[in-house]
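A.B. asks: Residues per chain are reported as follows:
There are 2 protein chains.
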Amino acid sequence: MTMVGPLKLKAQLLCGGELAMGPGKADLLEAIQAEGSISGAGRKLGMSYRRTWLLVDTMNRCWAEPLVEATPGGGEGRGARVTAAGLEVLAAYRALDAELARAAAAPLKVLQEKLLDAPKATQA
Amino acid sequence: MTMVGPLKLKAQLLCGGELAMGPGKADLLEAIQAEGSISGAGRKLGMSYRRTWLLVDTMNRCWAEPLVEATPGGGEGRGARVTAAGLEVLAAYRALDAELARAAAAPLKVLQEKLLDAPKATQA
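Chains as they are written, first to last, in our numbering: chain S, 1294 to 1417; chain E, 1294 to 1417.
In case anyone wonders, no lab produced these hints; they're calculated from the structure.
Among these hints, one or two may not hold up.
The list cannot tell twin chains apart, which means a pair is met if one copy fits it or any two copies do.
[As the list claims (entries may be wrong)] When the alpha-carbon atoms are kept at most 27 Å apart in a straight line, the in silico DSSO-like pairs for lysine-lysine are as follows: (1) K1301 <-> K1413; (2) K1402 <-> K1337; (3) K1413 <-> K1402; (4) K1303 <-> K1407; (5) K1301 <-> K1402.
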């Protein structure tokens, strides 16, 4: 979700019936990059390990190359990282979001002239 | 919701905590315009009268002028119409949607190079 003033924009990429990329998955990629593991990223975003893993699995199945891969080795070094393909997809998705926000600015002005800051009381 | 190939775009305008305009409300305005009544529009969209009325009420409270008004008179003539302000907001919202779709085209190409048509089988 990207906010441009009162405008909420959501861009989702579909792959067959599955969601290949969207606001939540982009945040998850960033969290994996920051935390170095799927479990750490899930904790950071307040999601269960199972849900986090399923989101990663979906992303990895929807693109020509996996976006996330386990880092080699066990013990302390065990974790996950965003692949080069994952970083490219993430950057392209963020660029799409930024382009949408830029494009929205002019048509949004017309709407904002009439839009109230807060709703009036109900007429019921 | 606007689809641009595999990309699903959703633009919502917020007014305080309420949703002033979005894909569903824009469709509702068009249905009221076509059907000439709130109940007819609700039937067309498969919504209960109560839900349809609540969406209209929210729209009418979120903008400087009401977007929908009851048509005068009772009996056969009883119904609702989209106001001049409503038609302007609807047109501006559709223009915003179209602008977003245009802006998405170029950044989407980068993503589509890597996006599969259908997901691979799960790795589990």
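A.B. asks: Output the numbers, in ascending order, of every earlier hint that fails for this structure.
C.D. replies: Checked against the structure, the only hint that fails is number 2, while the rest are satisfied.
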